[in-house]
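First to last, the sequence lines map onto chains A and B. Going by this note's numbering, 62 is the number at position 62 of the first sequence; the sequence numbering is gapless. Going by this note's numbering, 364 is the number at position 49 of the second sequence; the sequence numbering is gapless.
Errors might be hidden in some of the hints.
Said to hold, decoys possible - Quick list of in silico lysine-lysine cross-link-like pairs, DSS-like style, CA-CA up to 27 Å: (1) Lys301(A) x Lys287(A); (2) Lys175(A) x Lys287(A); (3) Lys357(B) x Lys592(B); (4) Lys293(A) x Lys277(A); (5) Lys237(A) x Lys410(B); (6) Lys232(A) x Lys540(B); (7) Lys225(A) x Lys237(A); (8) Lys225(A) x Lys540(B); (9) Lys592(B) x Lys618(B); (10) Lys95(A) x Lys608(B); (11) Lys225(A) x Lys547(B); (12) Lys552(B) x Lys232(A); (13) Lys277(A) x Lys225(A); (14) Lys490(B) x Lys592(B); (15) Lys293(A) x Lys303(A); (16) Lys490(B) x Lys341(B); (17) Lys26(A) x Lys175(A); (18) Lys552(B) x Lys490(B).
To be verified - Some residues of chain B that are not near chain A, with every Cβ distance over 10 Å (derived): (19) Asn337; (20) Met419; (21) Gln457; (22) Glu461; (23) Gly606.
What the hints assert, rightly or not - Restraint ranges, calculated between C-beta atoms of paired labels, are given here: (24) Glu423(B) x Gly123(A): 44 to 50 Å; (25) Thr298(A) x Cys538(B): 27 to 33 Å; (26) Pro134(A) x Gly438(B): 27 to 33 Å; (27) Glu596(B) x Arg262(A): 49 to 55 Å.
Derived by calculation from the structure, the hints in this document are not laboratory data. None of these values were measured; they are calculated from a predicted model. Glycine is no exception: its CB is placed at the ideal position from the N, C-alpha and C atoms.
2 protein chains.
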Amino acid sequence: MAEEKCEKDTTCETCNESSSCNQQEKEAHAQERLESKLSHIKHRIMVMSGKGGVGKSTVSTNLAVVLSRDGFNVGLLDADIHGPNIPKMLGIESKHVEGSGQGMIPVEVFPNLKVISMAFFIGDRDNPVVWRGPLKHNAISQFLGEVDWGNLDFLVVDLPPGTGDEPLSVAHLIKNVDGAVIVTTPQDVALLDSRKAVTFSRMLSIPVIGIVENMSGLICPHCHKEISLFKKGGGEKAARDMRAPFLGRIPIDPEMVTDCDRGMPFVMAHLNSEATKAFEEIADRCKGYVGFKEKQRTLEKDKFPHHFEQQEVKR
Amino acid sequence: MAEEKCEKDTTCETCNESSSCNQQEKEAHAQERLESKLSHIKHRIMVMSGKGGVGKSTVSTNLAVVLSRDGFNVGLLDADIHGPNIPKMLGIESKHVEGSGQGMIPVEVFPNLKVISMAFFIGDRDNPVVWRGPLKHNAISQFLGEVDWGNLDFLVVDLPPGTGDEPLSVAHLIKNVDGAVIVTTPQDVALLDSRKAVTFSRMLSIPVIGIVENMSGLICPHCHKEISLFKKGGGEKAARDMRAPFLGRIPIDPEMVTDCDRGMPFVMAHLNSEATKAFEEIADRCKGYVGFKEKQRTLEKDKFPHHFEQQEVKR
């Protein structure tokens with residue numbers, strides 16, 4: 001077997017003995033490296049949406065910031081290959097990823113919040129990434145298997161919209177995703193797509209942690225009356241219809257757009273706002289959910305120890 | 316050659332002699348059918364954006380409606396496989412596509428406005444289309460080669476967001492795209508992606524007709540003061556920076572969301588609104604652009620008749 005010949009923690013590109021391995025052995029190494037890297041990640045949460053522009057990246061970013069502020073080690077993986085905007089939202093778009101023998105070192109926002117994104121690898125920001133499925137699959141596979149995340153409590157994955165290649169790839173590569181947070185806006189056309197995202201998640205056996213209604217009800221900053229821009233309450237209705245939990249409503253706030261553009265996470269700039277409270281509530285629900293899942297797993301382990309022993313050996 | 320054996324206007328599935336053709340001959344037929352169908356379409360316009368949720372489908376729909384109201388024969392192709400929302404926006408989502416020997420018959424909105432979309436082929440609206448690239452390419456190829464559009468003045472193609480598989484497929488399949496309309500919202504994160512769309516379009520040798528700034532400046536319906544929600548003017552700046560024409564600014568209007576959801580094109584419901592005028596302006600600019608291109612082509616044809624004769628024979 002390949003493992004006996006060389007160090008599997010090293011990537012083949014930087015390994016002195018790689019010339020003696022054939023293609024099959026190299027692929028086996030990549031798979032092992034992926035599994036070894038993923039074994040350091042406790043919980044994996046996917047943030048997805050059926051439709052673009054509903055604020056999925058905003059939700060991922062603020063969720064990751066709240067979790068890291070609570071003391072967890074958090075990794076944020078921007079899996080949107082064509083429109084990687086998370087670095088801009090965190091004010092780190094000019095940073096570069098450095099490499100080591102153990103793989104790429106993700107960009108640090110705080111000591112316990114690390115980010116990886118396609119944006120760090122594009123030289124000119126105006127250049128589009130014109131890639132078809134297999135290339136995108138490779139990129140995401142590298143983001144998972146060749147990034148030295150270290151020990152993480154949470155990996156938050158910001159998926160591109162839709163139900164196509166990228167979400168499929170990530171779900172297949174990560175394995176054991178704890179759950180998916182589905183973001184929608186309240187208008188009907190967005191709801192139509194978010195219902196598809198719920199079904200998609202279930203088809204891939206990924207539990208739906210819940211639905212977030214973003215851009216809900218706008219308060220006019222001049223007269224303080226409510227403007228029903230994208231309507232309100234649709235996300236809650238979709239959650240009820242699809243029998244998925246409802247995680248909360250994030251009011252639309254012009255400050256959120258400004259904060260995104262200047263690279264400041266909203267939850268840090270506006271500590272006591274309604275939207276920040278909503279993000280904290282969502283983070284709490286996620287923590288509650290993974291805690292519950294872990295407890296259930298421990299209970300099952302106590303009941304059927306042999307079943308789990310076998311599983312772990314197999315892995 | 317395959318053509319001698321059978322009628323190329325018929326799809327192989329409904330042809331009595333298809334059993335005598337091999338795979339290569341069937342592929343040649345598909346290609347010929349595609350070219351024969353496309354030869355009935357005068358002008359091809361792609362509506363694209365780097366980022367989702369910027370209102371690309373709204374722009375495509377209203378542009379197609381304005382053009383058809385002006386008396387042109389218009390086809391509207393919803394190339395978003397995962398989130399096909401145009402039928403909902405036109406109130407035709409319960410319609411079905413029927414077939415004939417000449418191919419699928421697109422759904423009629425008006426006698427001179429026809430639509431084809433993945434939405435007509437999905438049984439349960441909650442079901443996602445979980446397809447990878449090659450399958451999506453096939454679907455789009457069928458939408459082009461096996462739909463009996465008839466004679467069209469304009470085919471407006473609503474692309475999915477990004478610079479990935481689908482826009483690539485459509486651009487490769489349609490050939491001779493007259494130009495691309497790029498939709499953006501004014502905030503920085505959207506502009507970042509729309510600049511990518513401009514470069515993408517140029518990489519594929521598709522001329523950029525111009526950039527549309529959508530969701531620009533909101534007027535509070537209560538106090539009538541302007542709210543800078545997604546900011547304003549960013550699209551014009553991007554156009555200037557990228558040396559692309561600026562096509563106009565569509566103000567954000569809560570009625571537009573309601574109209575989308577109830578299946579009524581905005582330009583028909585609000586004849587004298589600011590947004591309708593903006594859509595009409597965009598349609599005029601598109602007509603002007605294709606007119607200019609056609610004139611230029613005629614002039615060139617007069618100058619170099621042999622060059623064009625050769626090209627046409629080759630095709």
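Status of each hint after checking the structure:
1. Lys301(A) x Lys287(A): Distance ~21 Å between Lys301(A) and Lys287(A) Cα, so the pair holds.
2. Lys175(A) x Lys287(A): holds (19 Å)
3. Lys357(B) x Lys592(B): holds (25 Å)
4. Lys293(A) x Lys277(A): The hint holds at about 24 Å.
5. Lys237(A) x Lys410(B): Given that 27 Å is the threshold and the Cα spacing comes to 25 Å, the pair holds.
6. Lys232(A) x Lys540(B): holds (22 Å)
7. Lys225(A) x Lys237(A): OK: Lys225(A) and Lys237(A) at ~24 Å, within 27 Å.
8. Lys225(A) x Lys540(B): holds (12 Å)
9. Lys592(B) x Lys618(B): violated (39 Å)
10. Lys95(A) x Lys608(B): violated (43 Å)
11. Lys225(A) x Lys547(B): holds (22 Å)
12. Lys552(B) x Lys232(A): Not satisfied, since the Cα-Cα distance of roughly 33 Å exceeds 27 Å.
13. Lys277(A) x Lys225(A): The hint holds at about 21 Å.
14. Lys490(B) x Lys592(B): violated (31 Å)
15. Lys293(A) x Lys303(A): Answer holds: Lys293(A) to Lys303(A) is near 15 Å, not above 27 Å.
16. Lys490(B) x Lys341(B): Holds, at roughly 21 Å.
17. Lys26(A) x Lys175(A): holds (21 Å)
18. Lys552(B) x Lys490(B): Outside the cut-off at roughly 30 Å; violated.
19. Asn337: holds (28 Å)
20. Met419: Correct as stated: the minimum Cβ-Cβ distance to chain A is 23 Å, above 10 Å.
21. Gln457: Non-interface label on Gln457(B) holds, nearest chain A Cβ at 18 Å vs cutoff 10 Å.
22. Glu461: Its Cβ never comes within 10 Å of chain A, the nearest being 22 Å, so this holds.
23. Gly606: holds (29 Å)
24. Glu423(B) x Gly123(A): 44 to 50 Å: holds (48 Å)
25. Thr298(A) x Cys538(B): 27 to 33 Å: violated (56 Å)
26. Pro134(A) x Gly438(B): 27 to 33 Å: holds (30 Å)
27. Glu596(B) x Arg262(A): 49 to 55 Å: Hint violated: Cβ distance 32 Å, outside 49 to 55 Å.
Checked against the numbered hints listed earlier, the structure breaks hints 9, 10, 12, 14, 18, 25, 27; every other hint is satisfied.
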